[in-house]
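Sequences listed follow chains G and U, in order.
Heads up: the first sequence begins at 498 in this note's numbering, then just goes up one per residue.
Heads up: the second sequence begins at 12 in this note's numbering, then just goes up one per residue.
Just so you know, these hints were derived from the structure itself, not from any lab.
This one's a predicted model, so the numbers in the text were calculated from it and none came from an experiment.
Note that the Cβ used here is the ideal one computed from N, Cα and C, for glycine as well.
Be careful, since some hints might not be right.
Derived BS3-like pairs: lysine-lysine, alpha-carbon spacing no greater than 25 angstroms straight-line [stated by the list, open to error]:
id: 1; chain 1: G; residue 1: Lys599; chain 2: U; residue 2: Lys78
id: 2; chain 1: U; residue 1: Lys115; chain 2: G; residue 2: Lys599
id: 3; chain 1: U; residue 1: Lys37; chain 2: U; residue 2: Lys78
A short list of chain G residues far from chain U (calculated; beta carbon distances all over 10 angstroms) [said to hold, decoys possible]:
id: 4; residue: Gln508
id: 5; residue: Leu510
id: 6; residue: Gln514
id: 7; residue: Met524
id: 8; residue: Glu549
id: 9; residue: Asn562
id: 10; residue: Lys568
id: 11; residue: Ser572
id: 12; residue: Gln582
id: 13; residue: Ile592
So the derived label-pair ranges between C-beta atoms look like this [to be verified]:
id: 14; chain 1: G; residue 1: Gly560; chain 2: U; residue 2: Arg24; range: 40 to 46 angstroms
id: 15; chain 1: G; residue 1: Arg597; chain 2: U; residue 2: Ser36; range: 18 to 24 angstroms
id: 16; chain 1: G; residue 1: Thr512; chain 2: U; residue 2: Gly50; range: 22 to 28 angstroms
id: 17; chain 1: G; residue 1: Ser515; chain 2: U; residue 2: Gly26; range: 50 to 56 angstroms
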Amino acid sequence: NAGVTQTPKFQVLKTGQSMTLQCAQDMNHNSMYWYRQDPGMGLRLIYYSASEGTTDKGEVPNGYNVSRLNKREFSLRLESAAPSQTSVYFCASRIGQATREKLFFGSGTQLSVL
Amino acid sequence: QQPVQSPQAVILREGEDAVINCSSSKALYSVHWYRQKHGEAPVFLMILLKGGEQKGHDKISASFNEKKQQSSLYLTASQLSYSGTYFCGTEIHDSGYSTLTFGKGTMLLVSP
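Use the sequences and the hints to build the structure in full.
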């Protein structure tokens, strides 16, 4: 199994450009998440989807939108990229709502906004 | 709220022990521990639920003190492969939906 797959792995944008980060999981997980990781800040939750058809804001949602396309796919969109959005983005998934469930992470997308 | 991890960084020689702490200002239902190697995704180590549970895997173990809202990760007889950044993730809800809030991480370097 591939687990959690993110595309692209690297991306360079100019300020104001838009793009969509793609994430897909093949583990039949109900819950999916987008985190960003900045040096010294740890992983911060941007948006999450508890189950297909639902999305909610996390800790740092400003400047982002998400779409839970189906049970497998959860995309993150930057409508007008800003240098402050330069970061490494991780998609993650887990089986469901139970707190004993571990997260499975994708390999990350390194995004630079110039 | 983001849990607080300490220390920020640890440098060890192979075979030495280390303890990484994670504390929260809110009552915790569970604590997760993950390790991330440079340029890679975080990888799950273990989950501890409230009840003072202590778990272990190989020479890495952890404890959870729900009264103090703290968890500690113990690395015994460290190996070179233990190098990386360790994150604790905390959950504060025990019903409905909850999300993981991660600490800023503790960088561990094990040298020969």
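Now the hints, each set against the structure:
1. Simply put, Lys599/G and Lys78/U have alpha-carbon atoms about 23 angstroms apart, close enough for the 25 angstroms limit, and the pair holds.
2. Pair hint Lys115/U plus Lys599/G holds up; C-alpha atoms about 19 angstroms apart against a cutoff of 25 angstroms.
3. Proximity of Lys37/U to Lys78/U is assessed by CA-CA distance (about 10 angstroms); at most 25 angstroms being required, the pair is judged to hold.
4. The beta carbon of Gln508/G sits about 16 angstroms from the closest Cβ of chain U, which is more than 10 angstroms, so the claim that it is off the interface holds.
5. No beta-carbon of chain U comes within 10 angstroms of the beta-carbon of Leu510/G; the shortest separation is about 21 angstroms.
6. With a least beta-carbon separation of about 25 angstroms from chain U, Gln514/G lies farther than 10 angstroms from that chain, consistent with its non-interface assignment.
7. With a closest Cβ-Cβ approach of about 13 angstroms to chain U, Met524/G is found to remain outside the 10 angstroms limit, as its non-interface label requires.
8. With a least CB separation of 14 angstroms from chain U, Glu549/G remains clear of the 10 angstroms interface cut-off, as annotated.
9. Every CB of chain U lies more than 10 angstroms from the CB of Asn562/G, the least distance being 18 angstroms, so the non-interface label holds.
10. Under the 10 angstroms C-beta cut-off, the non-interface status given to Lys568/G relative to chain U holds; the minimum distance is some 17 angstroms.
11. With a closest Cβ-Cβ approach of about 18 angstroms to chain U, Ser572/G is found to remain outside the 10 angstroms limit, as its non-interface label requires.
12. Residue placement check: Gln582/G keeps its beta carbon more than 10 angstroms from all beta carbons of chain U (closest about 19 angstroms).
13. Against chain U, the non-interface label of Ile592/G holds: every CB pair exceeds 10 angstroms, the least being about 13 angstroms.
14. Under the hint 40 to 46 angstroms, the C-beta atoms of Gly560/G and Arg24/U, about 44 angstroms apart, fit the expected range.
15. The hint said 18 to 24 angstroms for the Cβ distance between Arg597/G and Ser36/U, and at roughly 23 angstroms that hint holds.
16. Between Thr512/G and Gly50/U the beta carbons are some 26 angstroms apart, a value that agrees with the proposed interval 22 to 28 angstroms.
17. With their beta carbons about 51 angstroms apart, Ser515/G and Gly26/U fall inside the hinted range of 50 to 56 angstroms.
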